[in-house]
Amino acid sequence: MKLRLIVDGRPVALEAPPMKRLLDLLRDDLGATGTKEGCGEGECGACAVLLDGELVNSCLVPVCQADGREIATVEGLAGSDGTLHPLQQAFWETGGAQCGICTPGMLMAAAALLARDPAPSESAIRTALAGNLCRCTGYVKIVEAVAVAARRMRRASPRRRAGARRGPVSRR
Amino acid sequence: MRGDTTGFEVSRPRTLARALAELAAGERPMPLAGGTDLFVALNDGRAPAERYLDLSRLAELTGIAPLDGGLWLGASTTYTQLLRSRLVARRAPALAAMAGTVGASAIQNRGTLGGSLGNASPAADPAPVLLAFGAEIELARRDGRRVTRRRVAAADFFVAYRETAARPDELITGVLLPAEALRGWRYAYRKVGTRKAQAISKVVAAAGVRVAPRGGRVLEARIGYGSVAPTPVRARAAEAAILGRPLGPQSAAAAADALLAEDIRPIDDLRSTAEYRARVAGRLLEALLGELGGFSPRLAGG
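Listed in order, the protein sequences are those of chains R and S. Following the numbering used here, the numbering of the first sequence begins with 1 at its first residue and continues without gaps. Following the numbering used here, the numbering of the second sequence begins with 1 at its first residue and continues without gaps.
For reference, chain R alone in the conformation it holds in the complex (with noise of 0.2 Å):
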């Protein structure tokens, strides 16, 4: 079928079979390596993405549901000219990256919790990362990561502090 997506905001225009998985698509045909393969069963969240801003597993999403969609990866986070985003520096920092196979998605499941709620809680940062699994770090210096990025990523935008929680939803 064809397909018509942004990725990193990006406009993407393909033929690709509908059950065609997301994480192929991406690697294969845009070859957006950033995204990893682990277990190929929603276990361990190494193909992570955002599709329309929530995370999803890209092992698990057929290309046709992606259709007319917006998709974030890991490959969007860093500025064009390079510089890190807040939350790569801070795994970087801190040492929440170790072999690096989980790390994509440990980010890109940290940056849909931060868009959601720039202040979390450490309870809040372990389930949101509860669906990613690191084997090398014991995910301490990841939950330390992603409070430091949050922290930083307040001070630079303080206008997020207050009231912006929820953003337009808490009006329902």
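I should point out that these hints are in silico values taken from the structure, not numbers from a laboratory. Some hints could be false.
[What the hints assert, rightly or not] Computed list of chain S residues with no C-beta within reach of chain R, every gap over 10 Å:
(1) Glu9
(2) Ala123
(3) Thr164
(4) Arg217
[What the hints assert, rightly or not] Covered by chain S, per the in silico footprint, the following chain R stretches (three or more residues, Cβ under 8 Å):
(5) 15-22
(6) 34-42
(7) 52-66
For glycine and all other residues, C-beta sits at the position ideal for the given N, C-alpha and C.
Using the hints provided, position chain S relative to the given structure of chain R.
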């Protein structure tokens, strides 16, 4: 690339009537909702079908809304939507508690109530709580030019291992928590797995009771269990054991005994053993009834 899905076909109708027309005749496509169960099988090379019916564009299957004094949950409702819904938080918080125990956020964002019901795993997290609510599952089919609907009680929905009461030409359109179940009832839900997230249950259970305002005797009870039989089950013997009695350590222990004797048939499998499941299922019931009745269950022995 794992299982090869290259030649698979998907139709993506925009209306329920069209979707049902595809199920009405000939080689029926398999419904596809959030894909969280289906793609595990596909990635493992166990494709259940080669033609699929994508339900994600059917607006008729979405939404959480009051209906007839109860609560309507469209079949495409995701666990995340249950967790974020103020209506659910106010009227059926046990349902939100359940949603928070399914996988983790990436699964909660994709998995749907209708998908879980259709998949009919005996370990499904939503099933016991839907049994406890006395939920009704709405099924729609195409009858000539008309779309006809019927409702099946959750207790009659799971007919055999991974088999439901839905006919091959029917689609699950939603779940109704009836008004009766949301007035004067209290509910509790618990899941036991290897860890808090990303676990398929070893035992999962929910209980609902309506007690007399004076005297505290149990007037009505509904108890649902998963992972302890070939299908999710209503624990009717356990329910009978507490009817007419006040909730307390004694009636809860009697209910647990009845549960083990008559309601459940746990087995050994890769996630747990029959012995562990039986013991935990009984303790879980006492804990749930303790939560509902405000008492501490008898101390675990042996």
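Verification of the hints:
Not every CB of chain R is more than 10 Å from the CB of S:Glu9 (nearest about 7 Å), against its label as outside the interface. Every C-beta of chain R lies more than 10 Å from that of S:Ala123, the closest at about 15 Å, which supports listing it as non-interface. With a cut of 10 Å on Cβ distances, S:Thr164 stays outside the contact zone with chain R, its closest approach being about 22 Å. Chain R leaves S:Arg217 outside its interface by the beta-carbon criterion, the shortest separation being 39 Å against a cut-off of 10 Å.
Check result for the stretch 15-22 of chain R against chain S: holds, 5 residues qualifying (beta carbon to beta carbon below 8 Å, three or more required). Restraint check on the stretch 34-42 of chain R versus chain S: 3 residues with Cβ-Cβ distances below 8 Å, three needed, restraint holds. Note: the stretch 52-66 of chain R has 10 residues with beta-carbon separation from chain S under 8 Å; the three-residue rule is met and the coverage holds.
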